[in-house]
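Q: Sequence:
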Amino acid sequence: LKTLNACDFGDLLCHPIRIFRANPDVLKEYHKRFRYILVDEYQDTNTAQYMWLRLLAQRPGGPRSGSPGGSVPSLS
Numbered sequence: 011l012k013t014l015n016a017c018d019f020g021d022l023l024c025h026p027i028r029i030f031r032a033n034p035d036v037l038k039e040y041h042k043r044f045r046y047i048l049v050d051e052y053q054d055t056n057t058a059q060y061m062w063l064r065l066l067a068q069r070p071g072g073p074r075s076g077s078p079g080g081s082v083p084s085l086s
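Just so you know, we're using the working numbering here: the sequence shown kicks off at 11 and counts up by one.
Hints were generated in silico from the structure; no laboratory data involved. Every clue listed holds true.
Here are the in silico distance ranges between beta carbons for each label pair:
(1) L14 <-> Q68: 31 to 39 Å
(2) L11 <-> T55: 18 to 26 Å
(3) T13 <-> Y40: 23 to 31 Å
(4) T13 <-> Y46: 32 to 40 Å
(5) N15 <-> Y46: 31 to 39 Å
(6) I47 <-> F19: 17 to 25 Å
(7) T57 <-> L14: 20 to 28 Å
All C-beta atoms in this analysis are idealised placements derived from N, C-alpha and C, irrespective of residue type, glycine included.
Generate coordinates for the entire structure from the input sequences, incorporating the hints supplied.
A: Structure, rendered in C-alpha cells:
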C-alpha cells in the first residue's frame, strides 16, 4: 500500500493518532474546530478508535455522557 501511496482502514485510524501526538498544535486545531463529539455504538470501538477519541475529547472542561452498560433502553 505504501508504494501506491494508499491507506487501509487501520492506517486511517493510526495515522491521526501519530499526527496528534507528534504535533500538539494540530490536535489543538481539532479541539477548536469540533466542540462536541458524538459516538454511536461506543461499546464496539477498538483500541485505536478509543485512543483517537480520547485524544480528541481530552479538551479541558469538555462534557461527557454515556451509559455504563453501553445500551439504550428500547421504546417498545
